[in-house]
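Let the hints inform the model, and build the full structure from the sequences given.
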Amino acid sequence: MKRLLTRQNMIITAALLVVYIIVQVLLSTGIISAFYETNLILGGIGIIMAVSLNLITGFAGQFTLGHAGFMAIGAYFSAVMTVKWGMPFILSLLGGACLAAVMGFLIGLPTLRLKGDYLAIATLGMGEVIRVVLLNTKYVGGAAGLFGIPRITNWTWIFVCSVVTVLCIRNLLWSSYGRACISVREDEVAAEIMGVDITHYKVLAFVVGAFFAGLGGALYSHYYYFIQPGGFGFMKSIEYLVMVVLGGMGSITGSVMAAIVLTVINVFLQQYSAIRMILYALLLIIIMIFRPEGLMGSKEFSTAMFRRFERRDDRGSAGGQ
Amino acid sequence: MALLEVNNVSKVFGGLSAVTNLKMKLEAGELVGLIGPNGAGKTTVFNLLTGVYQTTTGDILFDGKNIAGKKPSAINQMGIARTFQNIRLFSDLTVLDNVRIAYHSHVAYKLPAALFRSGRFYAEEDQMAERAVKLLKIFNLDGKKDEIAKNLPYGEQRRLEIARALATEPKFLLLDEPAAGMNPQETAELMNLIRWIRDHFNLTILLIEHDMSLVMGCCERIYVLEYGRVIAQGDPENVKHNPKVIEAYLGEEVTYA
Amino acid sequence: MEQFYVFLQQMVNGISLGSIYALIALGYTMVYGIIKLINFAHGDIYMVGAFVGYFAINYLHVGFFGSLFIAMAACVLLGILIERIAYKPLRNATRIAALITAIGVSFLLEYTTVFALGAQSRAFPEVLGNIRFGFFGNKVFITNKELLIYGVTLALMVLLQFIVKKTKTGKAMRAVAFDRDAAMLMGVNIDNTISATFALGSALAGAAGVLVGIYYSAISPLMGMNPGLKAFVAAVLGGIGSIPGAALGGVLMGVIETMVIAYGQSTFRDAVAFAILIIILIIKPSGIFGSNAREKV
Chain A
4 MKRLLTRQNM
14 IITAALLVVY
24 IIVQVLLSTG
34 IISAFYETNL
44 ILGGIGIIMA
54 VSLNLITGFA
64 GQFTLGHAGF
74 MAIGAYFSAV
84 MTVKWGMPFI
94 LSLLGGACLA
104 AVMGFLIGLP
114 TLRLKGDYLA
124 IATLGMGEVI
134 RVVLLNTKYV
144 GGAAGLFGIP
154 RITNWTWIFV
164 CSVVTVLCIR
174 NLLWSSYGRA
184 CISVREDEVA
194 AEIMGVDITH
204 YKVLAFVVGA
214 FFAGLGGALY
224 SHYYYFIQPG
234 GFGFMKSIEY
244 LVMVVLGGMG
254 SITGSVMAAI
264 VLTVINVFLQ
274 QYSAIRMILY
284 ALLLIIIMIF
294 RPEGLMGSKE
304 FSTAMFRRFE
314 RRDDRGSAGG
324 Q
Chain B
79 MALLEVNNVS
89 KVFGGLSAVT
99 NLKMKLEAGE
109 LVGLIGPNGA
119 GKTTVFNLLT
129 GVYQTTTGDI
139 LFDGKNIAGK
149 KPSAINQMGI
159 ARTFQNIRLF
169 SDLTVLDNVR
179 IAYHSHVAYK
189 LPAALFRSGR
199 FYAEEDQMAE
209 RAVKLLKIFN
219 LDGKKDEIAK
229 NLPYGEQRRL
239 EIARALATEP
249 KFLLLDEPAA
259 GMNPQETAEL
269 MNLIRWIRDH
279 FNLTILLIEH
289 DMSLVMGCCE
299 RIYVLEYGRV
309 IAQGDPENVK
319 HNPKVIEAYL
329 GEEVTYA
Chain C
672 MEQFYVFLQQ
682 MVNGISLGSI
692 YALIALGYTM
702 VYGIIKLINF
712 AHGDIYMVGA
722 FVGYFAINYL
732 HVGFFGSLFI
742 AMAACVLLGI
752 LIERIAYKPL
762 RNATRIAALI
772 TAIGVSFLLE
782 YTTVFALGAQ
792 SRAFPEVLGN
802 IRFGFFGNKV
812 FITNKELLIY
822 GVTLALMVLL
832 QFIVKKTKTG
842 KAMRAVAFDR
852 DAAMLMGVNI
862 DNTISATFAL
872 GSALAGAAGV
882 LVGIYYSAIS
892 PLMGMNPGLK
902 AFVAAVLGGI
912 GSIPGAALGG
922 VLMGVIETMV
932 IAYGQSTFRD
942 AVAFAILIII
952 LIIKPSGIFG
962 SNAREKV
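Chains A, B and C supply the protein sequences, listed in that same order. Okay, so the first sequence: first residue is 4 according to this note's numbering, each after it adds one. Okay, so the second sequence: first residue is 79 according to this note's numbering, each after it adds one. Okay, so the third sequence: first residue is 672 according to this note's numbering, each after it adds one.
FYI, nobody ran anything at the bench for these hints, they're computed from the structure. All C-beta atoms in this analysis are idealised placements derived from N, C-alpha and C, irrespective of residue type, glycine included. A portion of the hints provided could be inaccurate.
Sample of chain B residues at the chain A side, in silico, Cβ under 10 Å [claimed, not checked]:
| no. | residue |
| --- | --- |
| 1 | Ser95 |
| 2 | Asn99 |
| 3 | Lys101 |
| 4 | Lys103 |
| 5 | Glu105 |
| 6 | Ile153 |
| 7 | Phe162 |
| 8 | Arg166 |
| 9 | Phe168 |
| 10 | Ser169 |
| 11 | His184 |
| 12 | Gly197 |
| 13 | Phe199 |
Structure, rendered in structure tokens:
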């Protein structure tokens, strides 16, 4: 317990609480309009999706283009649980996330033998297959989509889930399990020779990443009243991949910041709807040309950055400080 | 019982025989050299012993158990560790993390303990970091534990690789040209270090080396490989004067100590 | 027998679609072979080709071959431009950064076209008329357009094979794809060779754009997304980096897709294509014509 009560942890907890309360007050007094609330929710889901994708792609080094597929599974299964089976939301959230994790295992086991671009294209295919199967499943509404999902997701849910996601993935990464995942990214042969069962850790990263993507999907479907398979296509996977790369592969805080920055940019670009996508595209190209390693590279943003003179403590574990 | 027994192992790559009918026997505690001209198949032998390559025929008994067909990670967990000819550190990670990753098989805490940061997690992580630093101290690297591996000078990278291999707590250590690229003084220090770690950690060591002075001065027994076959074996003095060995090395510069 | 004719007819249709996939897949495979980049914008170059063809026929009143030539030339310029401006600065960056750039270029082409021309699809001008040739007592038909697609695709592939195998540029391309540093030491101009690769690939995509306009009579700014993806899949199927592989993969992809629509459920067409891809990748990751490179330890 003592180890958890470091000054850094207390500062972070306090800051998070302040953010939560301020936003909650602004929401309940109506200062934050519905339009901004939607973006707040999308930003939170973006954080969950980007951080979980970063675990797979940035830390374990497994390039996947099918993350939206897991999101779709979480979104649909949780919606089915609430709408058709009458389950409470919390169970639906967990159910969606767990089924996504199971799918992550079933998909990961055969495909993770592939490397680099081959894995990317296979996961892209998996994502598309999931989408098309949903499109053809009458039970969940087919192409028309699944209707009548209650809107339960709100700022509190989003806040709690994002914090839990970031915390879990951070704790995973800064442990022996996480270091093993990172060693797979660094050098598969050397990792295997050092006793790291690389298949095991690739699948672990994939399953945990899929779990949180499923959670993101469940939150998403319970915000939008209805969902369609088309909303979870290849473009959605790309959207989150862009967050990961922009934030920096292998930087959790980078992903969090990129999710926020991109959501804010999106809000800003709404006023230029005609050229929104053109500006977004130009932004992507320009950022990649001038900062291909992303905003944070593989470093983590921390309060220690403001206290350079302090000795680096045990946070100097794999994944940066 | 011998610690390692290699029985008639062959490895064929698309019709080309890289290793033919290899027989080797290492007793526990031995320090053995594996030498031979370029392309003789020395590194292939290492790759077969560590499971990177599968044998075409024959079997490899380690501690009485057949390791042929096992995954490299499983073989490592049975007690075989190695270094690489062309250094393969986790180059973007810190020195400490390189060693901690190698301790990975000996970590007892489970995933939930890591996720929820239990007391056991902290206790084990602390203990692991302590052992890692102790190990780094042997190689005079403890002062650089927070540096990124790729920023170390070449000789230190070589030493870090050995430290990392030792962190897996092996019984049998394979060193692939540990002195490559080192100057004579560094090489001499390394020779002493290798013998010291053999005694200190109760290891059996097999080392590939090009620098003949290192092999002759350090190893108790030597296997000579040519075209994938063992052409001679025995103590350094015998091997040095074996006409087959001299012939195999003709044209190559031999630097006897 | 009836069954057989239906099958044959689907084959004819499938090869037409497949030829178009093959032309696009060739560009993917060449670019991937030389700079290891999945050029996501490639499908959009094909879209631009279709639109250039559309305007060439409507406003310059050139015939089919005129528009084909103009579209190819325009795509060559576009391809070189994209490579020089967007990809060249990232040649030493991570693959994934280059990939994101390619996605950015893809969005840029798509939405600039939407902005300039509107998102709705347009009718491609009818320049060839409709002639049907019946076989087996008018049980199986081949249209003049299909014959044209076969002919143009075949001619372009032969030309490509000639360029790659026999010309100096082609040899340089193969050398750079094999080992860029060694090629540079041998005095090959890397920048020009990569540009040439983009030029060739883009020309083929432009041709595919005009052919698809002729065949399906409708074009739209977002038409490149799906065929682009599938053509890439086709390139992987054939063994990425291999020119005959891309051609075969493309045709196979077209045939499989047509058969799924004919015999299965059309809503499953995309899923089946990808499912086959996944199975092939798991069984033989290097594709039909690819070679397995072993990492040296």
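Taking the hints in turn, this is what the structure says about them:
1. Ser95: Since the shortest Cβ distance to chain A is 23 Å, the answer is violated.
2. Asn99: This hint is violated: Asn99(B) lies away from chain A, its Cβ roughly 26 Å from the closest one there, beyond 10 Å.
3. Lys101: violated (24 Å)
4. Lys103: violated (23 Å)
5. Glu105: For Glu105(B), the interface hint is violated, since the closest Cβ of chain A sits about 24 Å away, which is over 10 Å.
6. Ile153: This interface hint holds because 9 Å falls under the 10 Å limit.
7. Phe162: holds (7 Å)
8. Arg166: Constraint on Arg166(B) satisfied, holds at 4 Å.
9. Phe168: Because about 4 Å separates Phe168(B) from the closest Cβ in chain A, which is inside the 10 Å limit, the hint holds.
10. Ser169: holds (7 Å)
11. His184: holds (9 Å)
12. Gly197: Hint on Gly197(B): holds, closest Cβ of chain A at ~8 Å, below 10 Å.
13. Phe199: holds (7 Å)
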